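Given the coordinates of chain A, assemble chain B onto it according to the supplied hints.
Number of protein chains: 2
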Amino acid sequence: MITTRLTELLGLEQPLILGPMAAVAGGRLAAAVSNAGGLGLVGGGYGRMDWLQRELSLVRSSTQRPWGIGLITWSIDRDKLDAALASNPDVVFLSFGDPRPHAARIKAKSCKLICQVQDVAGALLAKAAGADAIVAQGTEGGGHGGQRATLPLIPAVVDAVDPIPVVAAGGIADGRGLAAALMLGAQGALLGTRFYCTTEALGDEGAKQRIVEARGDHTRRTRVFDAARGYHWPDGYTGRALHNAFMDRWEGHEQDLAASTVARDAFRAAVAVRDYDTAMVWAGECVDLIHSVETTAAVVTRISREAEAILRTASTHVSGT
Amino acid sequence: MITTRLTELLGLEQPLILGPMAAVAGGRLAAAVSNAGGLGLVGGGYGRMDWLQRELSLVRSSTQRPWGIGLITWSIDRDKLDAALASNPDVVFLSFGDPRPHAARIKAKSCKLICQVQDVAGALLAKAAGADAIVAQGTEGGGHGGQRATLPLIPAVVDAVDPIPVVAAGGIADGRGLAAALMLGAQGALLGTRFYCTTEALGDEGAKQRIVEARGDHTRRTRVFDAARGYHWPDGYTGRALHNAFMDRWEGHEQDLAASTVARDAFRAAVAVRDYDTAMVWAGECVDLIHSVETTAAVVTRISREAEAILRTASTHVSGT
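From first to last, the protein sequence lines are chains A and B.
My numbering puts the first sequence at residues 1 to 321.
My numbering puts the second sequence at residues 1 to 321.
Hint data in this document are derived by calculation from the structure and do not stem from the laboratory.
There's no promise every hint is true.
If several chains are the same, the list does not tell them apart, and a pair holds so long as it fits within one copy or across any two.
[Claimed, not checked] Here are the simulated SDA-like pairs of lysine to any residue, each with C-alpha atoms no more than 25 Å apart in a straight line: (1) LYS127 <-> HIS291; (2) LYS112 <-> GLU8; (3) LYS127 <-> HIS218; (4) LYS107 <-> LEU125; (5) LYS127 <-> LEU289; (6) LYS112 <-> GLN64; (7) LYS127 <-> ASP217; (8) LYS127 <-> ALA214; (9) LYS80 <-> ALA103; (10) LYS80 <-> ASP50; (11) LYS127 <-> ARG215; (12) LYS80 <-> PRO66; (13) LYS112 <-> ILE76.
Predicted model only: the values in this text are computed from it and were never measured.
Chain A extracted, bound-state conformation (with noise of 0.2 Å):
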């Protein structure tokens, strides 16, 4: 077992949250992240309620140990937000925007505010809205993000938010990741594509086998595909995925794909039949350290395992006085 502050201040038995994809971290995904020790977290996405109802109503009724919901800042009302509290999910995670209008709403539920942040600006502004914990996410890391990678920014936002709990994400899949985290001073790591390649994550086989056979070398940061679904993302964030066909058609011609609905029918039609030479599969660099689907529990057994024993052994590279 690792104790940190974010344990402590959670209840958990391992300092591993669930990065909330959406259409991925449904459920029952989120349960078992939660079963096994670590926070799982439903993906709200772009805000489709009934879908969420349904996967908040599925996570409740799998779990008795904390959970939460992820929710796209820029995308959400007051009344999506509330529907989302109306659930009772421990904790309301909030990230690409500004979190101060919410925060109020959220703490009066008592539930707490996770926000997750691409840089040291952002990770100030969660602070002053009053952030339980913040999770300080690199360019590594697969989905939406932002510029800056993990390693540096790590100790710059401890260093500027201190003593909020700080959690790394973006680059992590093993235990060596994890242990590393903790050295740079956060207080547990966030890990998305690892848990894609589980057999309780949400999404089709055929993605999840893309991301156990690529190399970190083949993901790049892009717009192509909030262009071909039509989604406006603020200035300054893309998302990282599986390097295609269609992205390579499209990269420097967003606008032109946005304007072709003739284009973006056929990119319709290619997630409708899992075509993932035209449609995404969102991951990180770290797809390198994934060798299989598994059990979300073999992975955070794994996981924790391994840091637990890197951790024990640490000092064992210090000698003298």
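Then chain B, alone, in the frame of chain A:
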């Protein structure tokens, strides 16, 4: 004292390597790092042999400890390598290109070969060259480099080349970063930007002060400064520098810049008068962690002590069985 396979291989007291920054890592800085217990490397840059001979004489006369020379692989030929080897360095460090054509000449001199790589494919080339150690350099580092981030790159390279010692580069400027690198499976860390901000580093005080004042969000990877200087770097490499007005002006117009005698003359003039709104200051994202210009000995001592303290107490995170 921190002992790893790297310190044992090279006879170091701390697993720290100086990044061989062109025009910054001269003989004085290299000797200072070696005398402090790390490995000092003179930055051979683009192979101006008169400058290099002077700096190599300086490092040879200034330390009894192991030291080396760093070369840009694609810019050297046999004559330049032989001239470097004639100064009897303990280490030759090759980065940015295929090291295999040069490996035999280096190893015939009983000189250790360290190769710096930016991805797993490069690490496999370095292994094929017979590298004694491999530096895996993340995109968050200052100066020239590739696209992969340090945190997920290190364990991927370790897995690919084990048991060759791997060294982490990019984003490391304090003891937290060094300790994290060791947790990832690295045997040490290479630091550039942190050693730029020392009293022994060549380079202008104004540039050092810009780094001290900068935040990590203020750096960008670019080809603009290579175009301005007429250097033809191979595809895949860009340089990370502090963001400035010249970068804004020419980003996306590098070919026009390379073709403009007027613009390039103006750039040279700005370099001569140390106008950093135009001239480049290479720097990595770790600038958040650099708060003053200090002596090299003070930097090495603080990083080592901090890493030692973190490693000694790492096991306190783990409880139970």
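A quick look at each hint next to the structure:
no. : hint              : in the structure
1   : LYS127 <-> HIS291 : between (37 Å within a copy, 23 Å between copies)
2   : LYS112 <-> GLU8   : within (13 Å within a copy, 48 Å between copies)
3   : LYS127 <-> HIS218 : between (35 Å within a copy, 22 Å between copies)
4   : LYS107 <-> LEU125 : within (16 Å within a copy, 54 Å between copies)
5   : LYS127 <-> LEU289 : between (33 Å within a copy, 20 Å between copies)
6   : LYS112 <-> GLN64  : within (17 Å within a copy, 57 Å between copies)
7   : LYS127 <-> ASP217 : between (34 Å within a copy, 18 Å between copies)
8   : LYS127 <-> ALA214 : between (37 Å within a copy, 22 Å between copies)
9   : LYS80 <-> ALA103  : within (14 Å within a copy, 62 Å between copies)
10  : LYS80 <-> ASP50   : within (11 Å within a copy, 68 Å between copies)
11  : LYS127 <-> ARG215 : between (36 Å within a copy, 19 Å between copies)
12  : LYS80 <-> PRO66   : within (21 Å within a copy, 63 Å between copies)
13  : LYS112 <-> ILE76  : within (18 Å within a copy, 57 Å between copies)
Checked against the numbered hints above, the structure violates none of them.
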